[in-house]
Structure formats: C-alpha cells, structure tokens
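Engineer: Using the sequences provided together with the hints, build the complete structure.
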Amino acid sequence: MQIHELTAVETAKAIKEKKFSSVEAVKAGFERISKYEGHVGALITTLEEEALRKASEIDSRLARGEDAGPLAGVPYIVKDNFCTHGIRTTCSSRILENWKPTYNASPVNYMNDAGAILMAKANLDEFAMGSSTENSIIGPTKNPRDLRRVPGGSSGGSAAAVAAGYVPVALGTDTGGSVRQPAAFCGIQGLKPSYGEVSRYGIIAYCSALDQVSPLARSVEDLAVAMEILARADSSDTTCDGYDRPKFSGALSTENLKGCRIGVFAGFEASQMDPDLYGALSKAGDMCREAGAAVEPIDLPIAVKYGVATYYVTALADASSKLGCYDGIRYGTHIDGPTLADMYANTRTASFGEEVRRRIILGTCLLTEGFYQNYYGPALKVRTKMTEEFDGIFEKYDAYLLPTTPSLPYLLGTKETDPNRMYLGDVFTVPISLGGLPGLNLSMGFNGDGLPLSVQIVGPRYGDSKVLGVASVLERMIGRPRVCDPRALGEVA
Amino acid sequence: MKMTVDREVTLRMAKAAQLRIAPDQIDHMMDSINDILDFCALVGDLDCTGTPDFSWKMKKLPSRRPDAPSDWCDRDEFKASAPAMDGNFFRVPKINAEE
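Residue numbers (this note's numbering), protein chains in the order written: chain U, 3 to 495; chain R, 258 to 356.
Don't take each hint at face value.
To give an idea of the interface, some chain R residues facing chain U are shown, with a C-beta separation under 10 Å as derived from the structure [what the hints assert, rightly or not]:
hint, residue
1, Leu276
2, Ile278
3, Ala279
4, Pro280
5, Ile290
6, Arg321
7, Arg322
In short, the hints are calculated from the structure, not lab data.
Where is the CB? At the ideal position from N, CA and C, for every residue including glycine.
Structural biologist: Dropping the structure here:
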C-alpha cells in the first residue's frame, strides 16, 4: 500500500516505526496535490514549505526518542473557516480574502500539539452557507469520485481532499450537515460530534447555535482518534462542555452488536428518495441484525416534517447577527465612503456573495417585530418538541440509522433554485444538528454507476462513543473507503 | 401565521443589515425572501402549547478564564491586519457627511 492510501493511524504508526519519515508522508501528499488539484480544486491555500519544515522537526524529535504526539508527522487539512495564525483565512469570501488571523483556532492548536502537519486550507461555500462548494471566491470544488459532480458542502474541499488522498484526515464544520453530506457525496467517513464536545474558539461562525467542528477521514478509527485530540474542555469557549470525555477509541473494540437496540428510519417510501440510497439504509439495518442487534423500524414525524423549516429560521437569524461583525474597520476588506454608514454598506455589499447577502437580509427580517413572533419564537418551541422526540427514541434504542442525504451527488451547475425542493436535501441532517446529537456518515460502497452510497448513524447527545462503536462494526463488515484517483465517470460537458 | 415582505420592507431590512440592493434586484430579493417565509411558516403549524423555548443543557459548566488582560495576540500584528490605522486608532469615515 502506498503512503497516500494509509489511514492517519496507519501513517502515524509507520512514521513511529521508521518505515518512512514525516517528510516523506508530506511529500507524498503534495505529489497527490500536484497531480490532481488542477482537476479537483479543493484547496484555497497550500503550505508546502512550512509543512516540510514542521515534518522535519517531527522527524528530528522522533529520532531523539521523544513522544511527538498521537498523530506525529501525519498530514492534515482544515477548512478555510478555521483561524490559522499568520496564514490567510478567507472563509471563501471577498470580505476576508487577504485576512491573516493573529491566533490559531483551538482545534488547530490541538491537532498541531498532537504532531499533525497542516498541509493546506480547504475550499468551502462562502461562510459555510451552502451544500455544494460552488459558491467560493476560488470557484467550485469537484467531486474526485466523479469530476462532473459536486463534492457536497459546505466542507466540500476537506471531503474531496481526503477522498483524493491528499491527506488521511481533515477538519470541517457541520452546521446543518456540512460535513456529513460532503462525506456522503465523496464516499468517506465524517462525524458531527454532539453539540458542546469540541471547542469552536477561532472558528468563523455561521450559526453558533449549531456549528460543530467535525473530522473527516477514511476510517472510523481515525475519527475516534481525532475526537480524542479535539474533544476537551476549553476555557476560551463557554459553549464547550467542561465534562471529562470518554476514551473514544475504546468504543472501537466492540466485536459485534449483541444486546444493542437499533432503530431504522421508516418515514419515507422508496419512491421519496434515491432507490440506491434507500437500499443502502435497508442494507445497513440488515447488517446490524446480522451483527446481533435488535433492529426495529421507527418513524421521526416531527423532526422530518418541521426540521428543515426550523433549521432555516434558527440558522438565518443567527447568521445575520454573527455576520454583523464584518464592518471593514478592524480587519478584512474595506471600501471607503463619505460616511460611516456608506462605508459599511459599500464594504458589505461588494464583499459578501449573493447567497450570503440573501441570508443576512432574511435573517434580519426574522428577528424584527412580527416576524420574530411568527417565526423565530415558534421555531424555538418546535426545536424543544424535536429534542423530546429524539429523547423518546434514545430511551428505547442505542443508535438510530437514517439516510445522510435523499439523493446522490448531483452534476455541477445544476443546483436546485426552488427553496422548497433545495432545502429538502438537508432533511436528514438538520434535525440531528437541531437536537445537538452526534451523527456519523458511514460510506456504504458504490452504486452500479460508481457513485458513493452512505448511511447516517445517530446517537443520543454525548453518545459519540456509541455511534463510533456501531460504525466500526459496520465498517468492518463492509470495508473502509479507499482513496480514489480523481476522474470523470462520463463525458464532461 | 404566514407573513410576506413587500419592496419597502425588503429595502428596510437590507438597510438594517448594512447592505444595498441594486434597483433591478429588489423584486428578485423580495420574491426569494417570500419563498422562504412561505416555506418556513410551517413552524407555526405544530401545537406547542406549554412547550418551553429550546435551550442547551451542559453536563458540566466549563471552567472560566481569569477575568484579566492576556497576551492572546500581538498588538502590532493585530494592527497590521486592519485596513486603515491612524497610530493606535482604527480609521473610520465621519459618522455624518455634513460634520
């Protein structure tokens, strides 16, 4: 097996055993980037010189017999909405296109302290608002499994980089599905942790009520190891829980699912979603049964009917408030004007993309008199109802399986414009975000056309270990996803 | 209750958000907002009588940082990322044009 095909854990082990060096691992990643990035477009900024220098430092530390961390010398990538000290952090927006933060996001510090080597910063939909990674200052990212298709979003650059073998592990953020959906579209694993598990200090906010730092990888074991590095209390983020985390990788020793009760989503007919994805869900349920679990069909009526509307009211209102900080004064793009108000409007109108402007105006609307009482207030109560529905499920079941997406990755440039239909793409991911639950996208192989299939495994809040345990059993049965050489599965238009 | 916006409200919301809408884009923005308001009115359909507003619960409150200045960043480095500085001050236009 070549270096770029290894998982993060395998890479760390091989470096520790001196089968190859960290410098060689970094060079192998940049060889992939050099060969395929022109086709994929997953990266906004690459850091080859700095990565090689840090890899050399790690090699020296290991040569001296030092413990350089659990991911010593392993290459990784972060989405370009993580602040990186002295490294351009754009959020794919003109308003931050030349901004260099003066500090690192806490998760970046944690990964660096664990010995991992930051290789590049990945593309995203502007301010993480989107689900196709087409709305970016550098243009769209393409799906390495089929270059004619979107990689999903908003963490599409991170997912594409892992699938294409640039790195074994990447970090993204998931607000309403922004890691699970691109993981599904690119045929890899991705975990949105429970709300409060991982610090968001230094993450550029879209919706603080929902945003979660989330790892993407080609194995469940890598997700567990990433969680052990990332999930910890942080006094810089008051929304990050102060409890002592379990050892996430301990859950991976689960041999089978005997004694486990698993619910499988039964709220859709086969005709309501892609038949291959419907089949993947049934297959995952059968595999759980085969592994010894008691499996039962169960509906999710409130979350499925009201989840998407509740999500959009919550997220847009929050976004309009969060993005108020971009005023062109302390950092970012500045376009002058005769008055302060003119300067604000000049800067924000010219520097935010169309989708971001639309969401800010709509969010502003939702927080004004009348709209607040008819939309935002009811959404807060519906959200409570949804969490009660989830509580009821997890009183009976250890884990719950449902699709990650109702459709396969679609062709670039064919984004749905009817909001009613467009938002239904998020129907299975946003309820999990609203409930603060852990949700893991597990790759389930490919359909007859070579497109990735997937299933979502959900647990109770703070039940991330349970989710990882179930996922590891299923992954052993179906096989973990492999790196692909990016290519088009048909004629490029 | 389902609500809608008209051109005047659309422009007022844009102004509140410190954004401008080009004259030929106002109707498009208004229609787009109304489509989403129409879809999201669903949140009013569920009977939530007696249901409290949602709030997050934590297992354990996080530790607090000391309430004291810290050296979390270098002042000169921070100033260097500002678009326009006047010594130690951020440079901004006049609040009102006639001043």
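Engineer: Indicate, hint by hint, whether the structure satisfies it.
Structural biologist: Here is what the structure says about each hint:
no.	hint	in the structure
1	Leu276	holds (5 Å)
2	Ile278	holds (8 Å)
3	Ala279	holds (9 Å)
4	Pro280	violated (13 Å)
5	Ile290	holds (5 Å)
6	Arg321	holds (6 Å)
7	Arg322	holds (4 Å)
The structure does not agree with numbered hint 4 stated previously, though it agrees with all others.
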